[in-house]
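Novice: Could you put together the complete structure from these sequences and hints?
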Amino acid sequence: MVKIIVDKDVCIGCGLCAHDCPMKVYEIRDGRSTVVNPDDCMQCLSCHEICPSNAIEHQDIYLSRRLYVDLEVCSMLRRFV
Amino acid sequence: MSQASIVRPEELPLQCEGNVTDYEEALHGLMVLNATIIRSLEEIARGGSNAVVYRAGMKMGHETAKYFPKTDNVEKALKELSDILGRQYNFELYKPKGKDSYIITENGETFIYLVFRDCLVRQTLRREGMSQKGPLCQSLYGYMVGAVEEITGKRGKLEIVHVGPNTCLKKLILR
Chain A
1 MVKIIVDKDV CIGCGLCAHD CPMKVYEIRD GRSTVVNPDD CMQCLSCHEI
51 CPSNAIEHQD IYLSRRLYVD LEVCSMLRRF V
Chain B
82 MSQASIVRPE ELPLQCEGNV TDYEEALHGL MVLNATIIRS LEEIARGGSN
132 AVVYRAGMKM GHETAKYFPK TDNVEKALKE LSDILGRQYN FELYKPKGKD
182 SYIITENGET FIYLVFRDCL VRQTLRREGM SQKGPLCQSL YGYMVGAVEE
232 ITGKRGKLEI VHVGPNTCLK KLILR
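From first to last, the protein sequence lines are chains A and B.
Here the numbering used here is used: the first residue of the first sequence is 1, the next is one more, and so on.
Here the numbering used here is used: the first residue of the second sequence is 82, the next is one more, and so on.
Source of the hints: derived by calculation from the structure; they are not laboratory data.
Where hints are given, some of them may not hold.
[To be verified] Below, in silico cross-link-like pairs of lysine to aspartate or glutamate (EDC-like), each with a Cα-Cα straight-line distance of 20 Å or less: (1) K176(B) to E124(B); (2) K140(B) to E240(B); (3) K180(B) to D39(A); (4) K3(A) to D39(A); (5) K24(A) to E240(B); (6) K235(B) to E156(B); (7) K252(B) to D39(A); (8) K252(B) to E240(B); (9) K252(B) to D40(A); (10) K252(B) to E190(B); (11) K160(B) to E230(B); (12) K157(B) to E124(B); (13) K24(A) to E187(B); (14) K178(B) to E49(A); (15) K176(B) to D60(A); (16) K3(A) to D60(A); (17) K252(B) to D20(A); (18) K147(B) to E124(B); (19) K176(B) to E156(B); (20) K176(B) to D39(A); (21) K176(B) to E144(B); (22) K3(A) to E57(A); (23) K140(B) to E106(B); (24) K178(B) to E190(B); (25) K178(B) to D40(A); (26) K176(B) to D40(A); (27) K214(B) to E91(B); (28) K176(B) to E190(B); (29) K238(B) to E156(B); (30) K214(B) to E49(A); (31) K178(B) to D39(A); (32) K214(B) to D20(A); (33) K178(B) to D20(A); (34) K180(B) to D60(A); (35) K160(B) to D199(B); (36) K235(B) to E57(A).
As the structure is a computational prediction, the values presented were derived from the model and not from experiment.
Specialist: Right, here's the structure in full:
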């Protein structure tokens, strides 16, 4: 089962995750995002992407294959980064 | 021309050749081509591009499902389709908490939630920095409708509920 961890120290309570999640997994309680319905999480990672403070972490999820990553470009970038 | 360069039909290889790097290059080339076609189509046909891509998807769906055993059971048909499509469009039937069956009836509408995990369309869009829910996503809409129509004889409609970087949620409405 998917495990969602919200870093309460980092979360700014903007509510973007709660607004964006189609399954109503999050709610804002005491000014911070709280996971209330983890069983319905379909692992889309929209919350992850939308969170401005990078406060959300998912564990034990199916990660879709990243075929779009161009390995050639990555290897070139690695020379500079 | 020397004798050694003559190729007979029976000598043609029966499997793909080359290494994984060649395939990767070809895949990226195809993704770029696909995205460019869609972008140009959007520029020229605007709203009409959705219909064109939908039609293409529908044809693909009919073609894929042509050899499937016909059944009335939509749930079974979708599970089989998912197994066969495997890594092209990896989808699962989704049951929200509190629901007894995958087939849900609400407000006079019968539907099934589908969660798309690995999807060629999403890969292409992310490769090219294009937004999701656009015309290319209509290909999947057509694809599912075509496949379900071919297998079950029932007409359907696919609604995009949510798109995400890892998974998309779609609703297959049965008629």
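Novice: Next, verify each hint and record whether it holds.
Specialist: Consistency of the hints with the structure:
Only pairs whose Cα atoms come within 20 Å are accepted, and K176(B) paired with E124(B) is rejected, the gap being roughly 38 Å. Annotation: proposed proximity of K140(B) to E240(B) holds, straight-line Cα distance about 18 Å (limit 20 Å). A threshold of 20 Å between alpha carbons decides the hint, and for K180(B) with D39(A) the separation of about 12 Å falls inside it, so the pair holds. The straight-line distance between the Cα atoms of K3(A) and D39(A) is roughly 9 Å, inside the 20 Å bound, and the hint therefore holds.
A threshold of 20 Å between alpha carbons decides the hint, and for K24(A) with E240(B) the separation of about 19 Å falls inside it, so the pair holds. Only pairs whose Cα atoms come within 20 Å are accepted, and K235(B) paired with E156(B) is accepted, the gap being roughly 12 Å. Restraint check: the Cα-Cα separation between K252(B) and D39(A) comes to about 19 Å, which is no more than 20 Å; the hinted pair holds. A threshold of 20 Å between alpha carbons decides the hint, and for K252(B) with E240(B) the separation of about 5 Å falls inside it, so the pair holds.
For the suggested pair K252(B) and D40(A), the alpha carbons sit about 15 Å apart, so the restraint of at most 20 Å is met. This hinted pair checks out: K252(B) and E190(B) have alpha carbons roughly 11 Å apart, not beyond 20 Å. Restraint check for K160(B) and E230(B): satisfied, since their Cα atoms lie roughly 15 Å apart, inside the 20 Å limit. Proximity of K157(B) to E124(B) is assessed by CA-CA distance (about 40 Å); at most 20 Å being required, the pair is judged violated.
With a CA separation close to 18 Å, the supplied pair K24(A) and E187(B) stays within the 20 Å bound. Restraint check for K178(B) and E49(A): not satisfied, since their Cα atoms lie roughly 24 Å apart, outside the 20 Å limit. Annotation: proposed proximity of K176(B) to D60(A) holds, straight-line Cα distance about 19 Å (limit 20 Å). At most 20 Å may separate the alpha-carbon atoms for a hinted pair to count; K3(A) and D60(A) meet this at roughly 7 Å.
A C-alpha spacing of about 17 Å is found between K252(B) and D20(A), which places the hinted pair at or below 20 Å, so the restraint holds. In summary, the hint linking K147(B) to E124(B) is not supported, as the alpha carbons are separated by about 34 Å, beyond the 20 Å threshold. Straight-line distance between C-alpha atoms of K176(B) and E156(B) comes to about 12 Å, which keeps the hinted pair within the 20 Å bound. A hinted pair counts as satisfied when its Cα atoms are at most 20 Å apart, and K176(B) with D39(A) qualifies at roughly 10 Å.
Restraint check for K176(B) and E144(B): not satisfied, since their Cα atoms lie roughly 28 Å apart, outside the 20 Å limit. A distance of roughly 8 Å separates the Cα atoms of K3(A) and E57(A); the hinted pair therefore holds under the 20 Å criterion. For the hint linking K140(B) to E106(B), the alpha-carbon distance of about 27 Å lies beyond 20 Å, and the restraint is violated. Our distance criterion of 20 Å between C-alpha atoms is met by K178(B) and E190(B), whose separation comes to about 19 Å.
Taking the CA atoms of K178(B) and D40(A), the gap is about 6 Å. The hint holds against a cut of 20 Å. Taking the CA atoms of K176(B) and D40(A), the gap is about 9 Å. The hint holds against a cut of 20 Å. Distance restraint check for K214(B) and E91(B): the Cα-Cα separation of roughly 46 Å exceeds the 20 Å cut-off, and the hinted pair is therefore not satisfied. Taken as a hint, the K176(B) and E190(B) pair is honoured in the structure, with Cα atoms around 16 Å apart against an allowance of 20 Å.
Under the criterion of a C-alpha separation no larger than 20 Å, the hint pairing K238(B) with E156(B) is consistent with the structure, at around 15 Å. Annotation: proposed proximity of K214(B) to E49(A) holds, straight-line Cα distance about 17 Å (limit 20 Å). This hinted pair checks out: K178(B) and D39(A) have alpha carbons roughly 7 Å apart, not beyond 20 Å. Straight-line distance between C-alpha atoms of K214(B) and D20(A) comes to about 15 Å, which keeps the hinted pair within the 20 Å bound.
With a C-alpha separation of about 19 Å, the suggested pair K178(B) and D20(A) falls inside the 20 Å cut-off, and the hint holds. Restraint check for K180(B) and D60(A): the C-alpha separation of about 23 Å exceeds 20 Å, so the hint is violated. For the proposed pair K160(B) and D199(B), the alpha carbon gap of about 15 Å is at most 20 Å, so the pair holds. Between the alpha carbons of K235(B) and E57(A) the distance comes to roughly 41 Å, so the proposed pair goes past 20 Å and is violated.
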